[in-house]
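Chemist: Now for the letters of each chain:
2 protein chains.
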Amino acid sequence: MERLQPPCLIYFGDVADLGHAKTGLGLIQWRSEFCVGQLRAPGCQVDGGLRDMTIDEAIAAGVRSLVIGVAPAGGNIPETWRSDLARAARAGLDIVSGMHARLADVPEIAAAARESGVRLIDIRTPPKNIPIGTGAKRPGKRLLTVGTDCAVGKKYTALAIEREMRSRGWNADFRATGQTGIMISGGGIPIDSVVSDFISGAAEMLSPAAADDHWDVIEGQGSLSHPSFAGVSLGLLHGAQPDALVLCHDPSRKFLLGTEPGGSFPILPLTQTIEQCLAHAWRVNANARFVGVSVNTSRIPSEERMRLYEKIARETDLPVVDPIKDGVEAIIDNLSSEAAS
Amino acid sequence: MERLQPPCLIYFGDVADLGHAKTGLGLIQWRSEFCVGQLRAPGCQVDGGLRDMTIDEAIAAGVRSLVIGVAPAGGNIPETWRSDLARAARAGLDIVSGMHARLADVPEIAAAARESGVRLIDIRTPPKNIPIGTGAKRPGKRLLTVGTDCAVGKKYTALAIEREMRSRGWNADFRATGQTGIMISGGGIPIDSVVSDFISGAAEMLSPAAADDHWDVIEGQGSLSHPSFAGVSLGLLHGAQPDALVLCHDPSRKFLLGTEPGGSFPILPLTQTIEQCLAHAWRVNANARFVGVSVNTSRIPSEERMRLYEKIARETDLPVVDPIKDGVEAIIDNLSSEAAS
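Chains as they are written, first to last, in our numbering: chain Z, 1 to 341; chain W, 1 to 341.
Don't read these hints as lab results, they were simulated from the structure.
Model, not experiment: these values are computed from the prediction.
Be aware that one or more of the hints could be misleading.
Intra- or inter-copy, both count: the list cannot distinguish identical chains.
Capping the alpha-carbon separation at 20 Å, the derived lysine to any residue pairs in SDA-like fashion look like this [what the hints assert, rightly or not]:
#1 128 <-> 101
#2 254 <-> 140
#3 311 <-> 37
#4 137 <-> 121
#5 137 <-> 261
#6 137 <-> 209
#7 325 <-> 53
#8 311 <-> 34
#9 128 <-> 102
#10 137 <-> 92
#11 128 <-> 311
#12 325 <-> 259
#13 254 <-> 209
#14 137 <-> 337
#15 137 <-> 263
#16 254 <-> 300
#17 137 <-> 268
#18 128 <-> 325
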């Protein structure tokens, strides 16, 4: 897979919500040094906090790549984006996409890239020759972030945990499973793009046998209770063979992302999510246990935050943090105290 | 997808066990009128009960297609088969494969087919434009076969249920999800070949909205407790939204197919498998319930069969049949009595 070439212009198109803008927002959060501007179409409801730029302004500012910052369910490239992307390619920017659809399959984008000689980089391309998963136990330790829904902070939490582990001198690597994580870390496997017979095999390949004290910190995907994506979540859980799990949750969300309010898919209670994950995790690792809860409190009034933590801690008997506001020290403290005991 | 052209020669290669020969054996069971001979390489431990034929004898007998009757985990085309398949193609037989690997990607097979003008038919090719699953409830009734393991009779049971429902005048269709089922029924989606983000969407596409009294009888895949394939099983379960489930089980098997005896993966107890399936099925259909157990008793001494049925019936409170020896009347009787009550 080709690597993206900074500096970047983040393309938000006409995205209406933060959840679907997570690719661009994630890259800005974790690789702000890559990101010099944003391009937003009429109707865009998201602001990544970067300078708004036209394509010409971006070129003048030295930008090399336009990164599609939106991850719509289904991963198609909407009609409304195509002329913007073709224009950027024609102007000399590499186009970087995390969509399922291939950039080169959109004729006007392909033609523009041919004309100007820029690269079309599809991040969501899995490696060839992924094996079938075996479930065989392999050395090294693994932590997997799981969620009550999509887009609840599984990637952010895993990156924060890698950073915290490394700051303590631990031997730890973030393992990306989605397009944003791959853009941030420069490696990984887009697990939702793998042929479904090979999901757990891809997770095993992503996180191979390692030294006994090495931690792979694996980015989770979807949710076991999400009817669109649960297969990916379960295959990843089996292949990851986690020793430790961290539950990620957005307490402001009452229904699964992309399903109707009042519809059939309320977010499951945390304890039920934990039980469901453990039941499957124990199939591949009898020692699997949860070590913390990571909540996204961006939509919770600050005076309610501590009460929320206490409630969740009481329910789950686990340390609770918002990784953006609190860091993840409490989770790693818990993990070390368990490891020591 | 191109259809296979009978009559067929079934290729068993050097397969060592019945479980992996299920494609050939399934086609012989359900479409015996298609199958006139078998080709077995040295070391083959399986006998489909057909006349052993060389390629020349098959041609002389009017055979049009060689069907690969083996489904190895991983779906690659072993080196040892390649010269046989190329020879058959050169001699004028279409080659029909349910492997993940494409026949045309094997140079000697591709060259032979070009030379003689035969077709290379890859059954395991999913449709384009599968949508992301939505979980939205759709009209029509659905029955899904699920298993305690791979290769325990999920396809056979579903085909037998379709036949029984139709014999009662019900409006019912078998929905194939694997290569053998697709060869038998001439349609379906190879669910394990779908990109993993789209598993449940593929199941929704396979079994679209239908008349209220119509039954889709959906072929299950893998097992929720199988660490190689559980992601496929869960995505299919969510997308199928089953009203009724039938549990398929091979009581002679103590460990998952392909995992070592004495290893980490014993077959789960039936009641635990049922609970696990229902917990996930209820997420998409609050009325989902099991209506029967289908056991493969081919390796059980006949004097133990009734005692086994009684034991399973006591544990599960469900009718128990071996669909080959008993048919599936008892399961459909149970389903109708529930529907009537």
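Chemist: Now tell me if each hint is right for this structure.
Modeler: Hints, verified against the model:
no. : hint        : in the structure
1   : 128 <-> 101 : both (18 Å within a copy, 11 Å between copies)
2   : 254 <-> 140 : neither (37 Å within a copy, 29 Å between copies)
3   : 311 <-> 37  : neither (40 Å within a copy, 68 Å between copies)
4   : 137 <-> 121 : neither (35 Å within a copy, 37 Å between copies)
5   : 137 <-> 261 : between (41 Å within a copy, 15 Å between copies)
6   : 137 <-> 209 : within (9 Å within a copy, 42 Å between copies)
7   : 325 <-> 53  : neither (30 Å within a copy, 72 Å between copies)
8   : 311 <-> 34  : neither (39 Å within a copy, 65 Å between copies)
9   : 128 <-> 102 : both (16 Å within a copy, 13 Å between copies)
10  : 137 <-> 92  : neither (48 Å within a copy, 47 Å between copies)
11  : 128 <-> 311 : neither (46 Å within a copy, 47 Å between copies)
12  : 325 <-> 259 : neither (28 Å within a copy, 45 Å between copies)
13  : 254 <-> 209 : neither (39 Å within a copy, 28 Å between copies)
14  : 137 <-> 337 : neither (24 Å within a copy, 46 Å between copies)
15  : 137 <-> 263 : between (40 Å within a copy, 10 Å between copies)
16  : 254 <-> 300 : within (13 Å within a copy, 50 Å between copies)
17  : 137 <-> 268 : between (30 Å within a copy, 19 Å between copies)
18  : 128 <-> 325 : neither (40 Å within a copy, 44 Å between copies)
Going through the hint list in order, the structure does not satisfy hints 2, 3, 4, 7, 8, 10, 11, 12, 13, 14 and 18.
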